[in-house]
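Protein sequence lines, in the order shown, are assigned to chains A and D.
Residues are numbered in this note's numbering as their position in the first sequence, beginning at 1, plus a constant of 257.
Residues are numbered in this note's numbering as their position in the second sequence, beginning at 1, plus a constant of 257.
Mixed in with the good hints there might be a few duds.
Each pair may be met inside one copy or between any two copies, as identical chains are not told apart.
In silico BS3-like pairs for lysine-lysine, Cα to Cα no more than 30 angstroms straight-line [said to hold, decoys possible]: (1) K330 x K545; (2) K330 x K481; (3) K293 x K545; (4) K465 x K527; (5) K471 x K526; (6) K297 x K636; (7) K280 x K545; (8) K545 x K302; (9) K329 x K663; (10) K481 x K462; (11) K639 x K545.
None of these hints come from the bench; they were simulated from the model.
The structure displayed is predicted, hence computed values, not measured ones.
2 protein chains.
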Amino acid sequence: MLTYSLHTSSKIPLYEQLYQAIKTDILEGKLKANEKLPSKRNFSKHLGISVVTIETSYQQLQAEGLIYSLPKKGFFVAQIQVQRVKSEKRIRLVSDLKIRSENPKTKFNLGSNQINPETFPFATWSKLLRSVLNDNQEQLVEPSPSQGVLELRQAIASHLNAYRGMAVDPQQIVIGAGTDYLYLLLIQLLGPEKTVAIENPGYPKIKKIYEQFKVSYQFLPVQKDGIDLASLNKSTADIVHISPSHQFPTGAILPISKRYELLAWASQKKNRFIIEDDFDSEFRFGGKPLPSLQEIDHSDRVIYINTFSKSLVSTLRISYMILPPQLLPLFQERLDLYSNTVSNLEQYTLAKFIKDGYFEKHLNRMRLYYQRKRDDVLKNFKESSLSEHISIINSSSGLHFIIEMKTTIPEHTICQRALEQDLSLIPVSYFYHEENTLWSNCFIVNYSNIKSVDITNIISILENILQEK
Amino acid sequence: MLTYSLHTSSKIPLYEQLYQAIKTDILEGKLKANEKLPSKRNFSKHLGISVVTIETSYQQLQAEGLIYSLPKKGFFVAQIQVQRVKSEKRIRLVSDLKIRSENPKTKFNLGSNQINPETFPFATWSKLLRSVLNDNQEQLVEPSPSQGVLELRQAIASHLNAYRGMAVDPQQIVIGAGTDYLYLLLIQLLGPEKTVAIENPGYPKIKKIYEQFKVSYQFLPVQKDGIDLASLNKSTADIVHISPSHQFPTGAILPISKRYELLAWASQKKNRFIIEDDFDSEFRFGGKPLPSLQEIDHSDRVIYINTFSKSLVSTLRISYMILPPQLLPLFQERLDLYSNTVSNLEQYTLAKFIKDGYFEKHLNRMRLYYQRKRDDVLKNFKESSLSEHISIINSSSGLHFIIEMKTTIPEHTICQRALEQDLSLIPVSYFYHEENTLWSNCFIVNYSNIKSVDITNIISILENILQEK
Numbered sequence: 258m259l260t261y262s263l264h265t266s267s268k269i270p271l272y273e274q275l276y277q278a279i280k281t282d283i284l285e286g287k288l289k290a291n292e293k294l295p296s297k298r299n300f301s302k303h304l305g306i307s308v309v310t311i312e313t314s315y316q317q318l319q320a321e322g323l324i325y326s327l328p329k330k331g332f333f334v335a336q337i338q339v340q341r342v343k344s345e346k347r348i349r350l351v352s353d354l355k356i357r358s359e360n361p362k363t364k365f366n367l368g369s370n371q372i373n374p375e376t377f378p379f380a381t382w383s384k385l386l387r388s389v390l391n392d393n394q395e396q397l398v399e400p401s402p403s404q405g406v407l408e409l410r411q412a413i414a415s416h417l418n419a420y421r422g423m424a425v426d427p428q429q430i431v432i433g434a435g436t437d438y439l440y441l442l443l444i445q446l447l448g449p450e451k452t453v454a455i456e457n458p459g460y461p462k463i464k465k466i467y468e469q470f471k472v473s474y475q476f477l478p479v480q481k482d483g484i485d486l487a488s489l490n491k492s493t494a495d496i497v498h499i500s501p502s503h504q505f506p507t508g509a510i511l512p513i514s515k516r517y518e519l520l521a522w523a524s525q526k527k528n529r530f531i532i533e534d535d536f537d538s539e540f541r542f543g544g545k546p547l548p549s550l551q552e553i554d555h556s557d558r559v560i561y562i563n564t565f566s567k568s569l570v571s572t573l574r575i576s577y578m579i580l581p582p583q584l585l586p587l588f589q590e591r592l593d594l595y596s597n598t599v600s601n602l603e604q605y606t607l608a609k610f611i612k613d614g615y616f617e618k619h620l621n622r623m624r625l626y627y628q629r630k631r632d633d634v635l636k637n638f639k640e641s642s643l644s645e646h647i648s649i650i651n652s653s654s655g656l657h658f659i660i661e662m663k664t665t666i667p668e669h670t671i672c673q674r675a676l677e678q679d680l681s682l683i684p685v686s687y688f689y690h691e692e693n694t695l696w697s698n699c700f701i702v703n704y705s706n707i708k709s710v711d712i713t714n715i716i717s718i719l720e721n722i723l724q725e726k
Numbered sequence: 258m259l260t261y262s263l264h265t266s267s268k269i270p271l272y273e274q275l276y277q278a279i280k281t282d283i284l285e286g287k288l289k290a291n292e293k294l295p296s297k298r299n300f301s302k303h304l305g306i307s308v309v310t311i312e313t314s315y316q317q318l319q320a321e322g323l324i325y326s327l328p329k330k331g332f333f334v335a336q337i338q339v340q341r342v343k344s345e346k347r348i349r350l351v352s353d354l355k356i357r358s359e360n361p362k363t364k365f366n367l368g369s370n371q372i373n374p375e376t377f378p379f380a381t382w383s384k385l386l387r388s389v390l391n392d393n394q395e396q397l398v399e400p401s402p403s404q405g406v407l408e409l410r411q412a413i414a415s416h417l418n419a420y421r422g423m424a425v426d427p428q429q430i431v432i433g434a435g436t437d438y439l440y441l442l443l444i445q446l447l448g449p450e451k452t453v454a455i456e457n458p459g460y461p462k463i464k465k466i467y468e469q470f471k472v473s474y475q476f477l478p479v480q481k482d483g484i485d486l487a488s489l490n491k492s493t494a495d496i497v498h499i500s501p502s503h504q505f506p507t508g509a510i511l512p513i514s515k516r517y518e519l520l521a522w523a524s525q526k527k528n529r530f531i532i533e534d535d536f537d538s539e540f541r542f543g544g545k546p547l548p549s550l551q552e553i554d555h556s557d558r559v560i561y562i563n564t565f566s567k568s569l570v571s572t573l574r575i576s577y578m579i580l581p582p583q584l585l586p587l588f589q590e591r592l593d594l595y596s597n598t599v600s601n602l603e604q605y606t607l608a609k610f611i612k613d614g615y616f617e618k619h620l621n622r623m624r625l626y627y628q629r630k631r632d633d634v635l636k637n638f639k640e641s642s643l644s645e646h647i648s649i650i651n652s653s654s655g656l657h658f659i660i661e662m663k664t665t666i667p668e669h670t671i672c673q674r675a676l677e678q679d680l681s682l683i684p685v686s687y688f689y690h691e692e693n694t695l696w697s698n699c700f701i702v703n704y705s706n707i708k709s710v711d712i713t714n715i716i717s718i719l720e721n722i723l724q725e726k
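Build the full structure now, drawing on both the sequences and the hints.
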């Protein structure tokens, strides 16, 4: 009979030792297919352990399909074709894997679009989290609707109404874990067979997401006043995906005449839609936020997207979109199956943050903070000798502006020289999907995270670069 | 000259009143395209307000593209083609929208797969949240890698090692806001042009997600011991998407011989992969958790998915997957662009929850809790007259089992009669994508949320149903 030495002093239970020993013998072929195993009673006597222990081992072996039982006959070894491959290969692969090298870290960086993390209102957030954890336990474990917790959608709708004058029904709002995720929902909602027009230059991410789902896309050149509508009219696109109020990277603002033209384009055919990504519209200086396309759309064609990444913190992972009413039945049909991607705890906490007035206070505080930063950078630029060599473009909105350098030095030389002096500089052309000559020698200045003490250094680096020939 | 009456006592700033008034006149056509606006100085005298106020209004109008300026000539009305559509239509649409009616709420429900919310460890979770908010502020605002916070991936890897004996490198782990989201990543990783084999019966959601991205799929009939491999070998599938250790809804367990056959199938061609969704594997009674396919895969073909929805709470929205090492370079190429979808705060809190041993304690507590519930339900079933009319199937794992009713009463009549007595009963056939005769008259018993006091009632309802002819 089968004999195994089991260790009663081991931390591993006896049943598991026995199960493991038999399993090894089966997988290594020592026990052959259809071979009968000892009866529980005999095996128990033979090994000097209880029948229950044998039974538990057999049960586990049977559950995994290593043995099978025949009524009144006992247990038999199952027929198993073990797949044998060298396993060293596998371990090597993980340790060989190269971690993608990030862009070199420089002392100064005009290209980073990180907001200053110190501005996050930790104390208030902690207080609200605690109160939600105390008061809303039942709601916290109740699955939220696919579109997100109603309280948060209501809070966002009221905020948009009070802050932007936008008339939005909470039913139109969909909460998602970041704007990328909302794009994935929209591909499903509108259908991957559609053709999308995207901005050139523009976010590489948007192009790549469409590409990965085999959605066809065409480029719309971005002019100094936003996308070129003649190109759109010539294209076969069904969907336009744009940031009309502060285009990335150019900062271009689509004027109202073009907005109406764009809406007219959309209303010409039944299935045309506009995806409006309004990612940093809260930060406009010296005036009101620009009215969104959503506000002037009377034919139900605009899908409006915004995020709390810029206005609060990106690691919160909360964005939202406003669907035109005509798309709501389709949302329910196609996307209602998804669980919402944001945890209830954070949805309720953000709802309270908005409802109790903290969000508006935070926005006002941040707008002043960014305005001061921007004014400081602009003032220093203007007062330096740089002012003769650069023009400043699109500085009234958003967290970055553009400088156009009046020089014959090629862009890549400028970037290279900057890097040698520890400054990361990103040209607009870096975001070209295809050539767009309007934006040569234009560079991004992301001022939101520049320290005051660094401005003079950055200016002299730029001066150096432009003086060399 | 243009005349507007402005209200100095209004809460709306003067510049905004003026801006609004001019805007309305432009959009309504009272001010014509290319008409010259008054000079700032003259307008200021005329309206009795400061030049700065006029300037701010003009700036806002210009930013929106309602007016344009010509150097040394002044400001002119832009040419705008306003899109005019009745706006009542829009409001009607929202209020008319039917909210999808949910399944009728019954007093007793054997079909709901909600876990009992009272089991969530609120006190511990609050404590850990507080400590993370105090100690990790810098990490909380620093964008996490696309795969998720390293601390959480390390904690999961150690847990899998200690609890399941799985050898996983944290580099292989990808955190995501729910299992649905991981499916969306996998479609992009493996490519939407692939053909996926899915279980029949199975989660309707999985089929629908593939459908929406136009991914082609084929069905694998689920037999009493899991998917039919003969069908797989006949299919043209590249990917198999299954739950081998506790199939939903049948509860079927794939025996080890079939597991090896499946792995052998995968290794036959270069681009074959297996998606293993191991959603409630933590809850196995009377033995160890079943070894996953991932553990015995030596050819790098298994993508393992698990979630904290069952083991902790679904509203946390945290799932993870383990990629085979060979797919890691492809992940970096295709999916590294995505921001992780789970907030840093919750990633760090869960990491601490696991690392400090709370998760394992919680799992052990919950396994006992569920085992008691299951035993209670099973015991009552067996001791009732029901026992002659039903067989219990697949009750050793997971949070539901199956009862097969030995009766000629059609399934829909059984469900209808149950509903009349306030009991929701869901047949396995409800989850058929196409006919599968093996599972007729089989019903789901989701015992995890049945209250002890309700068991007797549920049993007598079932007895009633089966006694009627």
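Hints, one by one, checked against the model:
no.	hint	result
1	K330 x K545	between (84 angstroms within a copy, 26 angstroms between copies)
2	K330 x K481	between (85 angstroms within a copy, 22 angstroms between copies)
3	K293 x K545	between (83 angstroms within a copy, 23 angstroms between copies)
4	K465 x K527	both (27 angstroms within a copy, 25 angstroms between copies)
5	K471 x K526	both (23 angstroms within a copy, 24 angstroms between copies)
6	K297 x K636	between (88 angstroms within a copy, 25 angstroms between copies)
7	K280 x K545	between (72 angstroms within a copy, 13 angstroms between copies)
8	K545 x K302	between (87 angstroms within a copy, 24 angstroms between copies)
9	K329 x K663	between (93 angstroms within a copy, 24 angstroms between copies)
10	K481 x K462	within (22 angstroms within a copy, 45 angstroms between copies)
11	K639 x K545	within (25 angstroms within a copy, 71 angstroms between copies)
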